[in-house]
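Engineer: Chains A and B, in that order, are what the protein sequence lines are. Under UniProt numbering, think of the first position of the first sequence as 1, with each following residue one higher. Under UniProt numbering, think of the first position of the second sequence as 1, with each following residue one higher.
Because the hints were derived from the structure by calculation, they are not lab data. Predicted model, so just to flag it, every value in this text is computed and none were measured. Worth double-checking, as some hints may not be accurate.
Once the Cα atoms are required to be at most 20 Å apart in a straight line, the calculated SDA-like pairs of lysine to any residue come out as [as the list claims (entries may be wrong)]:
hint : chain 1 : residue 1 : chain 2 : residue 2
1    : A       : K490      : B       : D252
2    : B       : K435      : A       : Y614
3    : A       : K522      : B       : E283
4    : A       : K305      : A       : T128
5    : A       : K490      : B       : S56
6    : A       : K135      : A       : G147
7    : A       : K490      : B       : I261
8    : B       : K425      : A       : G629
9    : B       : K423      : A       : F621
10   : B       : K176      : B       : N103
11   : A       : K490      : B       : V45
12   : B       : K111      : B       : Q209
13   : B       : K109      : B       : D122
14   : B       : K435      : A       : F621
15   : A       : K522      : B       : L290
16   : A       : K569      : A       : A228
17   : A       : K490      : B       : S250
18   : A       : K522      : B       : F386
19   : B       : K100      : B       : R210
Read off the chains here:
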Amino acid sequence: MAAHRCSRSALLLILCGLTLFTAADSQETTVNGGHHASAVKNPQTSTETADQTTEQPAVEERRWEATEVEEATPDDAAADKQDSPVPETVVLTSVPQPKDDFQEELVIRPLHSGDIYASFQFRTVWETDFTRGNKVSHYRLFPKSLGQVISKFSVRELHISFTQGYWRTMQWGQPFQPAPPGAELWVWFQDSVTDVDSTWKELTNVLSGIFCASLNFIDSTNTVQPSASFKPLGIGNVTDHRFLRYATLPREIVCTENLTPWKKLLPCGSKAGLAVLLKSEKLFHSSFHSQAVHIRPMCQDWECKTTSWELRQTLNVVFDLHTSAQGKREWSLFKMFSRTLTEACPLASSSKIYIDITDNPEGEQFEVSPATPLLSQASVLGDRRTFSVYDLTQQITFGTVRSLNLLIRWKSSEGDMLRPLLHGERYVAGYGLQTGEIHTLMYNYHPYRSFPVLLLDSVPWYLRLYIHTLTVTSKGKDNKPSYIHYQPSKDRVRPHLLEMLVQLPPNSVTEVTVQFERALLKWTEYTPDPNHGFYVGSSVISSLVPSIVAMDTNSTRERPLFSSFFPCKEESSYFVRVYTEPLLVNLPTPDFSMPYNVICLTCTVVAVGYGSLYNLLTRSFQIEEPNPGLAKRIANVIRKMRGVPPL
Amino acid sequence: MAAPLTLLLILAVTIRAALYRSSLADLIAERVEVVSPLTAWKRVVEGLALLDLGVSPYAGDVFHETPLIIYLFHFLVDYAEITFMLADVITAVALYLAVKDYNKQVFRKQKYALEAERYPLDCLELIRSPKEMYYIPLKVAMFYLLNPFTILSCVAKSTCGLNNAVIALFILTTIKGNVLLSAIFLSLATYQSIYPLTLCAPALLYLTQRQYIPVNFRRFSFWWFVAQYAFMYLGSLFVMICLSFFLLGSWDYLPSVYGFILSVPDLTPNIGLFWYFFAEMFEHFRLFFLCVFQINIFFYTIPLSIKLKEHPVFLIFMQLAVISIFKSYPTVGDIALYLAFLPVWSHLHRFLRNIFLVSCVLLACSALFPVLWHLWIYAGSANSNFYYAITLLFNVAQILLVSDYFYAFLRREHHLSYGLYLKRKDGSEATLVLK
Numbered sequence: 001m002a003a004h005r006c007s008r009s010a011l012l013l014i015l016c017g018l019t020l021f022t023a024a025d026s027q028e029t030t031v032n033g034g035h036h037a038s039a040v041k042n043p044q045t046s047t048e049t050a051d052q053t054t055e056q057p058a059v060e061e062r063r064w065e066a067t068e069v070e071e072a073t074p075d076d077a078a079a080d081k082q083d084s085p086v087p088e089t090v091v092l093t094s095v096p097q098p099k100d101d102f103q104e105e106l107v108i109r110p111l112h113s114g115d116i117y118a119s120f121q122f123r124t125v126w127e128t129d130f131t132r133g134n135k136v137s138h139y140r141l142f143p144k145s146l147g148q149v150i151s152k153f154s155v156r157e158l159h160i161s162f163t164q165g166y167w168r169t170m171q172w173g174q175p176f177q178p179a180p181p182g183a184e185l186w187v188w189f190q191d192s193v194t195d196v197d198s199t200w201k202e203l204t205n206v207l208s209g210i211f212c213a214s215l216n217f218i219d220s221t222n223t224v225q226p227s228a229s230f231k232p233l234g235i236g237n238v239t240d241h242r243f244l245r246y247a248t249l250p251r252e253i254v255c256t257e258n259l260t261p262w263k264k265l266l267p268c269g270s271k272a273g274l275a276v277l278l279k280s281e282k283l284f285h286s287s288f289h290s291q292a293v294h295i296r297p298m299c300q301d302w303e304c305k306t307t308s309w310e311l312r313q314t315l316n317v318v319f320d321l322h323t324s325a326q327g328k329r330e331w332s333l334f335k336m337f338s339r340t341l342t343e344a345c346p347l348a349s350s351s352k353i354y355i356d357i358t359d360n361p362e363g364e365q366f367e368v369s370p371a372t373p374l375l376s377q378a379s380v381l382g383d384r385r386t387f388s389v390y391d392l393t394q395q396i397t398f399g400t401v402r403s404l405n406l407l408i409r410w411k412s413s414e415g416d417m418l419r420p421l422l423h424g425e426r427y428v429a430g431y432g433l434q435t436g437e438i439h440t441l442m443y444n445y446h447p448y449r450s451f452p453v454l455l456l457d458s459v460p461w462y463l464r465l466y467i468h469t470l471t472v473t474s475k476g477k478d479n480k481p482s483y484i485h486y487q488p489s490k491d492r493v494r495p496h497l498l499e500m501l502v503q504l505p506p507n508s509v510t511e512v513t514v515q516f517e518r519a520l521l522k523w524t525e526y527t528p529d530p531n532h533g534f535y536v537g538s539s540v541i542s543s544l545v546p547s548i549v550a551m552d553t554n555s556t557r558e559r560p561l562f563s564s565f566f567p568c569k570e571e572s573s574y575f576v577r578v579y580t581e582p583l584l585v586n587l588p589t590p591d592f593s594m595p596y597n598v599i600c601l602t603c604t605v606v607a608v609g610y611g612s613l614y615n616l617l618t619r620s621f622q623i624e625e626p627n628p629g630l631a632k633r634i635a636n637v638i639r640k641m642r643g644v645p646p647l
Numbered sequence: 001m002a003a004p005l006t007l008l009l010i011l012a013v014t015i016r017a018a019l020y021r022s023s024l025a026d027l028i029a030e031r032v033e034v035v036s037p038l039t040a041w042k043r044v045v046e047g048l049a050l051l052d053l054g055v056s057p058y059a060g061d062v063f064h065e066t067p068l069i070i071y072l073f074h075f076l077v078d079y080a081e082i083t084f085m086l087a088d089v090i091t092a093v094a095l096y097l098a099v100k101d102y103n104k105q106v107f108r109k110q111k112y113a114l115e116a117e118r119y120p121l122d123c124l125e126l127i128r129s130p131k132e133m134y135y136i137p138l139k140v141a142m143f144y145l146l147n148p149f150t151i152l153s154c155v156a157k158s159t160c161g162l163n164n165a166v167i168a169l170f171i172l173t174t175i176k177g178n179v180l181l182s183a184i185f186l187s188l189a190t191y192q193s194i195y196p197l198t199l200c201a202p203a204l205l206y207l208t209q210r211q212y213i214p215v216n217f218r219r220f221s222f223w224w225f226v227a228q229y230a231f232m233y234l235g236s237l238f239v240m241i242c243l244s245f246f247l248l249g250s251w252d253y254l255p256s257v258y259g260f261i262l263s264v265p266d267l268t269p270n271i272g273l274f275w276y277f278f279a280e281m282f283e284h285f286r287l288f289f290l291c292v293f294q295i296n297i298f299f300y301t302i303p304l305s306i307k308l309k310e311h312p313v314f315l316i317f318m319q320l321a322v323i324s325i326f327k328s329y330p331t332v333g334d335i336a337l338y339l340a341f342l343p344v345w346s347h348l349h350r351f352l353r354n355i356f357l358v359s360c361v362l363l364a365c366s367a368l369f370p371v372l373w374h375l376w377i378y379a380g381s382a383n384s385n386f387y388y389a390i391t392l393l394f395n396v397a398q399i400l401l402v403s404d405y406f407y408a409f410l411r412r413e414h415h416l417s418y419g420l421y422l423k424r425k426d427g428s429e430a431t432l433v434l435k
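Using the sequences provided together with the hints, build the complete structure.
Structural biologist: In structure tokens, the structure reads:
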């Protein structure tokens, strides 16, 4: 199998070399002919192609060598077996080969703050059916652990993210995959599941094991069923939210132990391809780190005749290079990840690096080296962006040194970012430990269009919300939500869930406030270090934001992975999810060293009450007789023994 | 007599109306001493808001009022201030009338006893004169209406004021001898907060006394009367519970109201003994101590009824005090109700042992509650133990107050039958002791 593919790709390479300009264009680009970019492109391409033609035989040889080594490794057992004439292979080949496909992609976007945003996406698509009765037992690219989870728990869609740090929307723009700080998990179950709650409980425990995370702390007290905010991202229009569960663990610390199992789910592990860059000592030394796994069923073609399962593993990281680079504003792959790239993952059908050069059309802001002839455009997050593309499946990308170390050197620090149209903030107001007020601010920066947003708040039960104090104001006026879904909390059972649909007027701030009361908990219910406070998960703002450019609504067309995560239903708007800051709220605490004392003292008071009433109830008033002295009493005892009448 | 009462009512209403208009009203409504999770007005409003949103008020754990309260305020929410002032006025007037009637009976009984020469000769000092008894009903009304605890409770719109009104009406109807109304008001009080269930015993004792039915377990007439009363009581309770069911269409309110009272899940600090005790409780002992503490309230009913079977009104006072000290979510409004009875027992003052100390402690604690609350919750310079210590002291003082009155009452009764100046056998002056 792999051998076939490699020979095919080698053939393609040869073709590539022969057809000079056309190869590059047909492969990738949508570059406009008369555009200014072509002026920059043309000379470079000609030099590149010249190199390519000279290197051609050598490249071919190397590729073959590489694939042979690959085949010898036990990673790809199926391919190995196919080559050796063992009887089992006959059986194996007679089984229809699962149609699966793996793509990897890295998007690098220089941010105006001087930071670098790197977004990895790994997508495995497998045309199979986990939900059918017969068990899927032969796994190739799709990780078996997740496949078993899907079929065992009848999962229809699973989205899990682990995030360290908070995404600063106003400095960095919108992320490709938004995620709240901590862990977030939301799952749509198949409608064949009868007991969703117990399935959910089991699923969280299993996922907790798979990802080495504290997902087992997800229980009924932090799980909600949003009615509108979380729609399925894959196919299927079942919207009965009984089958949806959503939970966040804002306190979750994400670190190496979560990254390692995540990397193991990749077909190439961290051995080859883009995943070699994922070194934890560098990834966690960053301003923001978010890793996620998204599983969903999706259409294979336009008519949606065949469905397949998509596993999308994403990792987003923001490096604060400006401070770590000793004043020099430049970065490279090696500086960021302490690795360079030498090859694509051999199992990947596509392996690309995109660098966002939209703000740098003339190269006046920064300079990228090595330069690439390939350019691509994509509509992403309501904006048309231009990217330089490096195709790792082509040897030419790695140049003569056989390793790719992208380098960006800034020339000027000017320029401003396109301000995100939607932004959210949240804070707790008030002082003291008795009451407080949650303020959520939603900014609409669109100059002339208003649009509706869905706000979802899940507040733990120990902050008792008073829904009658809910106010929504924008531009100083009352802005009545057109839809409110409120589920009050039950102590120690379930959290508050508040969802509402608010229309944000153009160029405005909408403020949502609601008062709460802080509960005193039992002493065993406090987390370690209770005076640190309790975390309240981020609010989720979901919206269809009006787009400046026409969005691509064709979901089956081949597109870069970063632009195809949220399905687009109409051209004029695009979906955005914004997470606000999590809150840290202090609760009143009892004295933890006092249980014995308190039990003793309170019982004493009750005993005082009981004793004094008992005394009065059981005794009667009598005249006090003088107490005979001790000597007299002893004398009387002796006299009694002697049989003499007492004194 | 009506004129001073009217003046008093006008004064009380004026004070409340003035406080409602001041900025203090919001502050008072937040005080944990004044409102409990059961009685807070904020929670009533929340329940109404939930009902407006189409969510059952009992779906969450904020609203714990009974369905009748929510329907009452569904119509009266805009007139809440008037309702609460009216409740206080009703309580005061009911207590006034009840005490007036009770005093008449006490006086009549005393006259008969004097005529029958049942009192020892040296007890003339203990005989109560009509002159001193004349102002007692007014004093009772005044003690209730002008008590800062009642005023605070009313200004905070604590529904405790409504419960007090129901209990006061129950006392009035009982003392007036109306069996049916007494049973209805008692069941209403029970429906509101379970604990007034223990008032059954004094009501039965009083009504049997009034109808000259001897309290004798072997007599049919006694059991017949008990059955009648129980039937009326349980019948009206049943009607109320069913009515609540039909108003909301579900039984959700039973665990949310009565389960909440009995299992004490909300540990918001208050002036009672439960909150800190169960916040610090070891989980595996929780149920045991919960049972012990709840039984404690009902436990005193039978022995007290036996001891005080001749004096059911004093028994009512004792029961109210025990309830307000040991209930799971007490507020100052509950205390105000039994404090209103203190003028009725003004003739016991010569036998009280430590009234000065107790009143000082009560006053000091009342002042210290807000101070230590501020230090704990707002300033952060104290911790929960400070507030807890004050609740302990406050409750000890209340217990001492009640047991002191009980002691004085029993002692006076003893003197009335054995003479005031008791002598030993050898003729020297004797001291009375409990043995």
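Engineer: None of the hints should be skipped; say for each whether it holds.
Structural biologist: Hints versus structure:
1. K490(A) x D252(B): With Cα atoms ~13 Å apart, K490(A) and D252(B) stay inside 20 Å; holds.
2. K435(B) x Y614(A): holds, 12 Å
3. K522(A) x E283(B): Given pair K522(A), E283(B) holds - Cα atoms ~9 Å apart, limit 20 Å.
4. K305(A) x T128(A): The hint holds at about 13 Å.
5. K490(A) x S56(B): holds, 13 Å
6. K135(A) x G147(A): holds, 10 Å
7. K490(A) x I261(B): holds, 15 Å
8. K425(B) x G629(A): Holds: K425(B) and G629(A) sit about 19 Å apart, inside 20 Å.
9. K423(B) x F621(A): holds, 14 Å
10. K176(B) x N103(B): With Cα atoms ~12 Å apart, K176(B) and N103(B) stay inside 20 Å; holds.
11. K490(A) x V45(B): With a Cα-Cα distance of about 18 Å, the restraint between K490(A) and V45(B) holds, given a limit of 20 Å.
12. K111(B) x Q209(B): Holds, at about 17 Å.
13. K109(B) x D122(B): Given pair K109(B), D122(B) holds - Cα atoms ~19 Å apart, limit 20 Å.
14. K435(B) x F621(A): holds, 6 Å
15. K522(A) x L290(B): holds, 14 Å
16. K569(A) x A228(A): holds, 17 Å
17. K490(A) x S250(B): holds, 17 Å
18. K522(A) x F386(B): holds, 18 Å
19. K100(B) x R210(B): holds, 16 Å
The structure meets every hint from the earlier list without exception.
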